[in-house]
Amino acid sequence: MRAFTYAAPTDLSSALARLGAPGTHAVMGGGTDLVNSMKSYIETPADIVDLQGIQELQALDTSGDPVQIGVGVKLVDMLASQPLMQLFPILQDAANVVATPQLRNVGTVGGNLCQRPRCWYFRSVDFNCLRKGGTECYAILGQNQYHAILGGLGCFIVHPSDLAPALIGLGAQAVIGSASGTRSIPLESFFIGPEVDVHRENVLVPGEMLVRIDVPRPAAGQRGVFLKSRGRQTWDFATTAAAVSLVMSAGTCTSARVVLGGVAPVPWRSPDAEAVLQGRSITPAVAAQAAAAAVKLARPMQYNAYKVDQVQVLIQRAILQAAGQGGS
Amino acid sequence: MEEGNAGPVTETPRRMTRRRFLGKAATVSAAAGAASAVLAATSDAPRSLAATPAPTTVGIAPYRPPVYQDITLHVNGQDYNLRVDTRMTLTEAIREEVHLTGTKIPCDQGECGACTVIMDGRTVYSCSILAAAAQGHDILTVESLEQQGQLHPVQAAFIAQDAVQCGFCTSGQIMSVVTLLKSNPNPDEAAIRQAIQGNLCRCGTYTHIIEAAKAAAAQA
Amino acid sequence: MPWVKTQVVTEGIVTEVLVETQVPLPVWGPDAQLDIVGQRIPKVDARYRVTGAAQYMFDKQPPGMLWVKAVRSPYPHARITAVDASAALKMPGVIDVIHFQNTDPIAYAPNGHVLNQELSYVGDIAAVVAAEDPRILPDAVRAVNVTYEQLPFVTDLQQAIAMDPATAKQIFPQGVLSQPAVADRGDINAGFAAADVTVEATYLTQVVHHATMEPHGCVAQWINGYELHVWDSTQAAYGLQQAFAKTFQIPDSQVFVWMDFMGGGFGSKTALWRYHVLAALLAQRTGRPVHFINDRREELLDTPHRPMHQQTWRLGATKDGKLTAIEMKSYDVAGAFNGMFTNISAVALQLYSCPNVHTEDTTVFLNLHQLSAMRGPANTEAMVGMEATMDLLASKLNMDPVQLRKLNYATVDQTTNHPYSTKGLMDAYDYVTQAIGWQSNRKTTPGSDPGPKKRGVGIGSQIWSAAGGPPSNAEVAIQADGSVTVRSSVADLGEGPKTILSMVAAEELGVPLAVVNADFGHSDYPWDLGTFGSRVTPSMAPAVRQAAYEAQQEIFTIAASELGVDASQLTCKKGVVYVTSDPSKSIPFAQVAALSSHTIIGVGWRGPNNAAYTTESFGAQAAEVEVDTETGVVTLLNLAAAHDCGRAINPMLVESQIHGGVDMAAGYGRFEEQVVDSRTGIPVTTNLVDYKIETAVDEPVIDAHIVENIDTIANNVGAKGMAEPPTMPTAPAIMNAVYNATGVWVRAMPLSPDRVLAALKAAQPQQSA
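Protein chains in written order, with the numbering used here: chain H, 724 to 1051; chain V, 469 to 688; chain L, 9 to 777.
Looking at chain H on its own, in the form it has when it is part of the complex:
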């Protein structure tokens, strides 16, 4: 690692003030991605701001609307919150399949959403890829079995977060803080693709940090399912994932959110799939139609065509499960 100064402020405004000061800073939640990224020189901040002492960021308030989840809430504590899990079973689906117990025991919501990609060219000290400031994306002509089938442009990473598709499926808002105040944007707008900026995965600029995720309370008849496919049965990022949140009323889907993981540089919301489901009663044929719509514009790379089929399967299964039709 490059050497750094370390600070652990105990209140948010101190942390934000420090972030706004000159120099390169990185906020640290559980640190599991940041610390290991620093060992590979992917991140070389001169100053680390440890958030674990800031109570406000660890607040989990399930009493109001929206439900408020501080970015410092650990995944293990999300899973241990009965009210949260009962309100949003889709979050249980997602949090349960992140990494391993040890990583969920320190990893935070903020860290999970802001983690850097797992692209093996990006992660490797042996490649100076486009995203890291080099001139080439090695996945284009290289080993792209884990790369994007949607939304890639110049860079073909997939966003690695499991929580992100589930939270976007719930219509979550991202609250961003800086020394000059806070702003709230839809979580799906928090993530940006390479067409906007190939060097980062979200809108945060120096001086800003994610402080809270706000999730609207579920509507009556709202059900969500998150499914993830991966190489091993644990400790593995998604080859493909699907978050489906439906509001059902008298057998008809009145609103739908379909968000894909593992297929695009951002958690990929599919309005085309949602349009198929809107106002329909959910049958296997309708689910298949929605899944096909989600990948209509997919452009597989040399080795990842399987993702086009695999993600459709997950979308279909998630739709049917969310509609209460079981099957797995």
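These are computed hints drawn from the structure, not numbers from a lab.
Among these hints, one or two may not hold up.
Stated by the list, open to error - Straight-line C-alpha distance at most 20 Å; calculated SDA-like pairs for lysine to any residue:
id	chain 1	residue 1	chain 2	residue 2
1	V	682	L	254
2	H	762	L	149
3	L	254	L	292
4	H	762	V	531
5	L	68	V	611
6	H	762	V	529
7	H	762	V	528
8	L	98	H	726
9	L	98	V	531
For this one, chain H is given, so just place chains V and L on it according to the hints.
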């Protein structure tokens, strides 16, 4: 990177992104053009790497001298006042400063589990936690388990059920099983596998670890 | 006793060794009355591993120690044109930087020199930095400025196969393809002509890494300026002692290599690697102990591995299922330098009875680290092609795959025409088929389960040289208090030689196991060839038994004079020496030991093998899988394994080896692979998330069964080697089970979801556009 915002902003700063977009697009299309030209040549016999530069230091901050910090770690019930390079991880502090070498570092990336210690009652990968960030927490290593020459039931069970081969993953496995039994005193096979899912073993002790966990549970 | 030449087969490699015959001891046959041997006894040194007290090479930190890290080539083939270490040397705490320009060349086979100007793969060592604090090393390594001239390279097997020789010689002086090594038995053309049915298939078996939990490395220190002391993680302390001595041109007697505990080897730690030489060189230059330890990326770049093969198998058989022809043609990837175990012909020549066999092994050179043996080398890879093609043949014959195997059972070693000393393969087939529920769970029509999740079962077999043989030496020393030390350079990797050899010594001496202490892994002890090739049990157990017997003779001589009888009239059991015909006349073993005025040391060695027989281990495994044909995910539900290892000296430890082999091979079959970006020649699986090892939740339920066939011909302990065989049948069983479940062959390993989906898709009837 761009400058920060001057005041409350309710939308993404489009002017900056568009400028960046145009710049990037130029780079992107050049890359795409280069890619299509090269595409035809991929099945050729050997190529030199003239077109593919070696890793440079682009994007990596230049050298900075070490920063040292005084920290206090609470390990196995004792306080240790240390002066450490801020880059020191918790595992390194345990091994090099507290001189407990039972916790190992096969991967140093949070990808194998052998560095598992118990922090505030929960298992964590100590290699992925800065020593400085471990202040104020209760840390237990494998060395905390044996009391006055008496092995912890999980340790004894690991021996009795032959759940140990090379032993390099063993400390982490034991800490995961110890933690499991605290919250689930009578786990079934599935629960035990879940508890050790984050602890790799290359020698293949999983099956006997399950037997050991059950034996230790039965003993309690 | 007379010296004879004996043949020793280790991992299929035949050597001839000159060895003194032993005074024969009573063979421990099936009826032997044994008090300790054969018991399920926990490992005698497990306590140190569960308490964290065990000191591995990784833990050694002698005072003044320096840490080192290598500057590594970013190119697959390059020549260093300049090295500028000035910036690194200016950093506080950086002590030394070495490279080919500022050191005398040290010959190192096969890479040329230990520090080369020409670098042959990504990760090859350009320079080494030594510093006082590991935290400053990564910065220091980055500060060393190396200028490279890039050279032509190849890292892709297909490119190498298609390459014209002139271009190939620009990369390697020998080109990229060797002449094939050919083996023949009978007349292959006649064999296929006689066949009613012929099948052919090609398989790609991938590079997998040993991925030992303890990385490679060592701590080297020069004592008094002339003695080299090395704490190592090694399977062969004695061999390393010799290699260090030769490299530094000092007598063997001035080198001490110690290994007390090591975190895995699996065949990757049997040789002198460059980090050994570099650590010792830096220790010499700096006058301080030096610790050279790989990080995980370096483990996955700069250590050996199981090689990649592209295997094409062709089988011919009569319509009744009798094999008439076996042909195997394989491309075997060595890496940038050659190594042993590229030739994988043994399975084709030995496993099944067949009069006509033809094999061709072509070595391929690519700009990657060279291979080495990895748990069951050659046979593990070849078993995939052999066993999957047998199932292909079975399906074409409409015959049960196990029936087909039994029909072609080899009763003798067809390469020598010697009978097998023991062969429990039939029992193994019977056990695993019963355990997996073959009759009910096998789909008579592959792929016939309704719904997207389909189940099936498959079988795999194994054969492996398991006789052991010299050189293996031990001494058994009896201390004045009657405690016993067994000493040898043999390495205990955690699989348990300390335990089983203590058991053998205790059994032979007639003392409780608790008084026996095994002190192993030191090069200055009686030497053993090394812990590899499943050779330790059949080689060291008789040697230890002999040493114990010799020591026992001295005890009896002393006791005889005390008791007024002849030594031949004495027995020792449970630590008491007594007159066999009158047990009331006795004296405790410890008391006898106290009477001796000279140190009682019995010396034993492994004698010759029985020249009239071939000793192999045999086994079979059956796998039950569930394939989600929509996502491609293969779940391994159950795995039944039955292995014939002769006598199981400690059945609990044998079970652990079965689990270990299965777990490793289940990863080989489903998850693990080295992936290389062939445009740049850079491996991309340099961490343990991308290189996927089986976890506890991926593991099948394993039913491990020992087929106990006490082998009284092989040696006087009745045991055969066992550590590697369980690695061999698993991947074939998985591949065959996936075929049974889906009706589709997936022949490129690992059977990852993308490969399974691609194979399923390719097998579907073509859709109109």
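(request) Measure nothing beyond the straight line between the CA atoms of residue 682 of chain V and residue 254 of chain L; if it is 20 Å or shorter, mark the hint as holding. (result) Since the Cα atoms of residue 682 of chain V and residue 254 of chain L sit roughly 51 Å apart, the hinted pair is violated (cutoff 20 Å).
(request) Mind checking the alpha carbons of residue 762 of chain H and residue 531 of chain V for me, to see if they're no more than 20 Å apart? (result) Given pair residue 762 of chain H, residue 531 of chain V holds - Cα atoms ~14 Å apart, limit 20 Å.
(message) Run the distance test for residue 68 of chain L versus residue 611 of chain V: straight-line Cα separation, threshold 20 Å.
(response) holds (17 Å)
(message) Tell me if the straight-line CA distance from residue 98 of chain L to residue 726 of chain H falls inside 20 Å.
(response) holds (16 Å)
(request) Take a quick look at whether residue 762 of chain H and residue 149 of chain L sit within 20 Å of each other, Cα to Cα. (result) Answer holds: residue 762 of chain H to residue 149 of chain L is near 13 Å, not above 20 Å.
(message) Check whether the Cα positions of residue 98 of chain L and residue 531 of chain V lie no farther apart than 20 Å.
(response) holds (12 Å)
(message) Hinted pair, alpha-carbon criterion (20 Å max): residue 254 of chain L, residue 292 of chain L. Please report holds or violated.
(response) The given pair, whose Cα atoms are some 16 Å apart, holds under the 20 Å limit.
(message) So if I understand the rule, the pair passes when the alpha-carbon distance is 20 Å or less; does residue 762 of chain H with residue 528 of chain V pass?
(response) holds (12 Å)
(request) Verify the proposed pairing of residue 762 of chain H with residue 529 of chain V, using a straight-line Cα cut of 20 Å. (result) Measuring from Cα to Cα gives roughly 13 Å; hence the hint holds.
Going down the numbered hints, you'll see the structure goes against just number 1.
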